[in-house]
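Chemist: Each residue of the sequence shown is one higher than the one before, counting from 1 in my numbering.
Hints listed in this document are in silico derivations from the structure and should not be mistaken for laboratory results.
Keep in mind the model is a prediction, meaning the values are calculated, not measured.
Only true hints are included.
Distance windows between CB atoms, simulated:
(1) Pro29 / Arg143: 37 to 43 Å
(2) Ala23 / Leu135: 22 to 28 Å
(3) Ala119 / Phe90: 27 to 33 Å
Every residue, glycine too, gets a C-beta built ideally from N, C-alpha and C.
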Amino acid sequence: MNIQQIRLLRIAVVMLALGSILAQVFITPHVARSFAEAYPEVAYLERPYTIAVIVAIAGFELALLAVWQILSIVKRGAAFTGSPMRWVNFMTTCFLFTAATLIGIIMHATFIANIGTPAMLFGLLASIAFGASALVLRTAVKRGLLTRIFQDDPEQGIPGP
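With the sequences and hints as input, model every part of the structure.
Modeler: Below, the structure written as structure tokens:
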């Protein structure tokens with residue numbers, strides 16, 4: 001992985017972080033408020049669902065921090081064992097936490113509050129896929145299946161692990 005790729009990935013991480021902060025602070029409360037006004041019979045769920053979604057987004061933001069740390073380790077050319085694996089495990093845990101929180105919200109809305117829609121099924125499937133992807137990525141990293149990405153790039157002069 002060369003320096004330009006690392007810079008582009010860091011820009012993507014920053015953009016995702018800014019977008020998630022925007023979603024936490026402005027979008028989620030606004031959407032929850034508008035749904036509570038449109039559907040007063042379930043307005044009592046506005047606060048708990050808003051808090052749960054904000055917490056789920058915080059888990060995603062922590063995973064972005066882990067991605068940043070992994071990119072720093074790759075940039076230094078350190079071996080992809082030990083410290084990087086701790087960050088990979090932390091990132092996976094954060095992604096699983098986010099997925100589990102979203103699955104919990106969707107399951108509650110669908111089966112307990114009886115407010116499920118076809119979009120809820122899509123959200124449930126997407127959350128399950130998100131969590132499964134995190135586990136698959138962690139397994140691939142642990143088994144060394146992604147090491148080619150981090151190997152030497154002779155054109156850029158960056159040593160691999």
